[in-house]
Amino acid sequence: MDYFAQQAINAIQQGSIYALIALGYSMVYGVLTMINFAHGDLFMVGAFACLLIASFFPLPFIVILILVMLATGFLGALLERLAYRPLRNAPRVSAIITALGCGLVIENVVLSLSPYAKPMPPLFTVTGYHIGGLSVSTLQLMIIGVSIALMVGLDFLIRRTSFGMAMRAISFDAKTVPLLGIPLNLIISVTFLIGAGLGGAAGMLYGQAYPVIAASMGILVGWKAFVAAVVGGIGSIRGAVLGGYILGTVEVMTVAFLPSTYRDLVAYSLLLVILIFKPYGLLGKAPNQKV
Amino acid sequence: MKILRFAGIVPLIGLLAGCGSGAPSAKIGLNVELTGEMPAVGASAKNAAELFISQQNAAGGIPIGDQKVPLELVIGDNAAKADQAASVANKLIAQDNVIAMVGPDASACAIPASEIAEALKCPMISPWSTNPKTTVDVTTGKPKEYVFRACFTDTFQARVLAKFVLNNLKKTTAAALYDVASEAPNGQANLFRETFETNGGKMVAFETYTTGDRDFSAQLTKIKAANPEVIFLPCYYNDVPLIVQQARRLGITADFVGSDTWSTPEIIKLGGDEINGSYFCNHYSTQIATDVAQKFMTDYKAKYGQDPDDIAALTYDSFGILTEAIKAAGKLDRQAVRDALAKISAYNGVTGSFKFEGTGDPMKSAVILQIKDGKFVWVANATP
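If you read the sequences in order, they're chains A and B.
Residue 73 in UniProt numbering sits at position 73 of the first sequence, with consecutive numbering throughout.
Residue 181 in UniProt numbering sits at position 181 of the second sequence, with consecutive numbering throughout.
Only chain B is shown next, with the shape it has when bound in the complex (with noise of 0.2 Å):
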């Protein structure tokens, strides 16, 4: 009952502010994962986010009506927890007032974000949440009207890298082991599943664990005996090389391949030898970039020192789409930009072109990646 009331007071107060004399400016919030148990997905979207910003502010900022306004950025951790996105989502709307929200990038954080977003009508983009249920409600089955991604889907996903085992890899029987307490993860295994039984594969072993378990024997010796040509993990990156060294020690010998939520080169620096070889499916490649890519990828490596992962990229574009939407829309009115964003039909960005077709999720191509010798190389491209 407060949390409403207070709702309902903020954009009054909102307006207030927006009437006085002083230079206004285009607050934006960015709800991420910056403690907790992907902290890497946090710190390249923040990295990301003000590399954005403070090129945008270098330029005098972005032009709404006939002046230009700065941007300005709010940061709220999640902690990666559903409960504490839920919570910076409310504040960032409602008590810091951002015209737009964007994150969180871990589905189950940005589930219930885009609940509250949804609720007090603030577009939102998650750059990273592949999850269908972020965009839809899942109540009505239909497109929630506030919130987008930056992403594909799990849907497209989890098809091109089932057809990639069967068609690239000529495999046939494959086996997956996830966290069943996880959106992403959870979905993808269904997902992948049923497109691989589909088209003649052969899933001879199912296995999950929880958020938290660091040992999955008990899961990789029934795994081992089933004798899977393939084993398919989508887990968050922090689980994987766990995982991956487990099944080696057990004399596993199949092939790894997993999701998008690998794309951390950290995964390499915890994953050892025995993550070398194994192919996961992302958001965009540094090998077979674009001008526009290009630009961001010297750009952020100035700054920070290393590469841009797809988390990176994707808030980068996140941002891009956003400060189109309020240009577009020509004032900063929630609204107004709302239905702008739904109407982007050819943004340029650096993880390829963006298109809104009546939903929130974007239609874009996806990649497939090998870890090879401490890199990601690319293998090759999937297009929807």
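Chain A on its own, in the form it takes in the complex (with noise of 0.2 Å):
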């Protein structure tokens, strides 16, 4: 029962962290209908402000939080300006490939910055609670809390409030919302700066709950987060949360019934199942098309 208990806070702490990179892949395919690739590394640039950000300041974990989600935010509005929005009207595989390459332009700036692996400070004192053969850390349930915090603060944002409002418009219309005197590169960009911050957030409590952060590291999370968007329902907000989590589970469960080596084995083909039977992902519908 240790056991199983142990295996279900591994998988949401996983899931966590999954469902919270998967929420800028969706946020940015929502409005602009284009897959965001650089996404993974901006995930990575969040670990490394944090990095720079606590070594040189010994400010309080939520203010660096800020501070990184705000940096991050930045660039990926920047990359928007600068890389996307000229594509805007270019076929949609132009935009994905400027993508796949501003990712890889980013990862080689830091590694031209630090081929080196760094430890990443702890930024709190971790306690670990042992009871009976569970272990749970305070580490543990700050990403948790911190991941579902966002969340829910994202959802209230985008149902309840006009920017929200605005942004589901264009992901209905992006034509004709203009004309209604909606400022369409404002809330495009705003869109890409909470995406790209929540991508940094993720970046920095998975820095903190393995605190060894290197270049490459945005690339496997990053395509495992959009493979948990998808499954979600690309699109749909509410479907990278679900998404994120389910594959935290999958993959945390496989271990823990059957040999690790099937681990990705079993994850990916479920996911492929799943797809078949719901092509648009569990939470996501078919975009409306006009003959």
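Covered stretches of chain B (in silico footprint by chain A; criterion: 3 or more residues with CB under 8 Å from a CB of chain A, positions within the stretch not fixed):
{"id": "1", "region": "35-46"}
{"id": "2", "region": "196-210"}
Reference excerpt, derived from the structure (chain B facing chain A, CB under 7 Å, subset only):
{"id": "3", "residue": "214"}
{"id": "4", "residue": "215"}
{"id": "5", "residue": "217"}
{"id": "6", "residue": "218"}
{"id": "7", "residue": "219"}
{"id": "8", "residue": "221"}
{"id": "9", "residue": "225"}
{"id": "10", "residue": "238"}
{"id": "11", "residue": "241"}
{"id": "12", "residue": "242"}
{"id": "13", "residue": "249"}
{"id": "14", "residue": "250"}
{"id": "15", "residue": "251"}
{"id": "16", "residue": "270"}
Restraint-style ranges between C-beta atoms, simulated for each label pair:
{"id": "17", "chain 1": "B", "residue 1": "181", "chain 2": "A", "residue 2": "97", "range": "19 to 29 Å"}
{"id": "18", "chain 1": "A", "residue 1": "89", "chain 2": "B", "residue 2": "25", "range": "53 to 63 Å"}
{"id": "19", "chain 1": "B", "residue 1": "290", "chain 2": "A", "residue 2": "97", "range": "55 to 65 Å"}
{"id": "20", "chain 1": "A", "residue 1": "257", "chain 2": "B", "residue 2": "294", "range": "51 to 61 Å"}
{"id": "21", "chain 1": "A", "residue 1": "122", "chain 2": "B", "residue 2": "170", "range": "31 to 41 Å"}
{"id": "22", "chain 1": "A", "residue 1": "126", "chain 2": "B", "residue 2": "145", "range": "47 to 57 Å"}
{"id": "23", "chain 1": "B", "residue 1": "306", "chain 2": "A", "residue 2": "122", "range": "18 to 28 Å"}
Worth flagging that the hints you see were computed from the coordinates, not collected in a lab.
Just so it is clear, CB atoms sit at the ideal spot from N, CA and C, and this is done for glycine as well.
Make one complex out of these two single chains by using the hints.
In structure tokens form, the structure reads like this:
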């Protein structure tokens, strides 16, 4: 029983991080129907931003979190302005290739500054609780808590504010919306800012949980979060969260009950099966095709 | 097709260049992991190579026939990726026309690069690749003719470690956690299990992950439930700190034991308190050094301000045996150098004495080190 409960905690922690990153993919897809493949590298930038800030200024955790989110958010908005906006009316594939290129540029800039993996200093004293055979640390609770708080905040922003309404309107019809006096470019920039900021927050939390950070850390996690977003239904915010937790759970539970060599095989086969029956993901909707 | 044609032309160009009246130099290629997953490995290899070359050239170069020829180093970064290692090998051999290639270091890179060296008939010495497949052709089971290494093999290393756990640590249950997608860790884990179990030990858990993973909590929770006395981690230095930290956080108290993949001092910087007390197998120890090794350590420290790790020592030795072979061959010819390499019977290097007996694997011994308060401390010697 302890064993199962421990694996469940591992799964929630994994899932929270996947979900937080998946949100960035889903938000950008929602407004622009393009996949921002540089998102995994923004996640990595978040971890490095945290390292930089924390090693120069001994600030409290929450202040560093806000600074990291702002820094990564502005980098995301900058990418949109410089790389994606000029291609907004170009074929979709050009934008996707540009995004892949931007990701490689970011990764190699960090690589040229620091080819070595860096140890991440802990931002607060981690206390571990051992109840019977079960271990829970304040760090785990914090990661899960902060992720869920950010996701709830985002959901509120999108469903209850006028900014969120504008965002949803753009995702519905980007041609008509500007005619109604809604500042299209501003809304898209802010969407990138929020999406990248969440990715940065995920990077920071990830760096705290796995305190050796490197320029290549975003690739694998980025791909997995992308898969999570697609399974949940890309473009759907709640879908991204659902997808993240499903992926985390499937990965951890495969290891728990089967030889760990099967982890990725089982996890991704299962996700493929979901997509066969729900091609637009669990909570995604088929796009409105005009004939 | 293009590559093949190119490979055919290049020796011709080399011949013409050799006929030129300009002072010849012995070009040696270095195929290393400067960027990517293990930059500390590449940095050590590059430092040691440059140290060796500068020392030889300060003495006027190496004697070939009746003249002294300076050495020239051509460096290619393989980014610790298998495909890039192969293309760097191709470039060094076919385009830069090196007399021999040193590296790559990681087995995942050295194996594909060795195929290229073998196909283009260029001598290659891997300083640090311990996987048997580097020097052995798996399809025929025969040793590769042009590929050598400066280190012991995994078969030897895994046997040494398994026996160390059983005889010195007196522990009989063990678990392993390793990267299933990487050559050296994969081979070491399986060979360790084989020796450990035939000698009376019991593997209670055998878990894997894939390259790039940072979360090992699911596998470690499973290992914790199996309750081993020792956990074997044949993982590269950048994964080990994460694994030991997560293990201790889960309340695992077992000893950690690793292979030579741990050997760079970076592991101490990244590992924190959790890695203290762990053991690993290595190629040499700075505490039991011979005169040759003492001189190398002093020179290296004077030039780079840090102690050389085993990768630096093995790279230095690779260049040592290679120049020895070039001298013995008496000419800058790949076939002659290869033949001279295979005949080396007593080269006294930093990491011990070298002898090749019909294969590219030298007969050598190993040491067991412990990580203790920020240092590598010698624990035991292990001979084949």
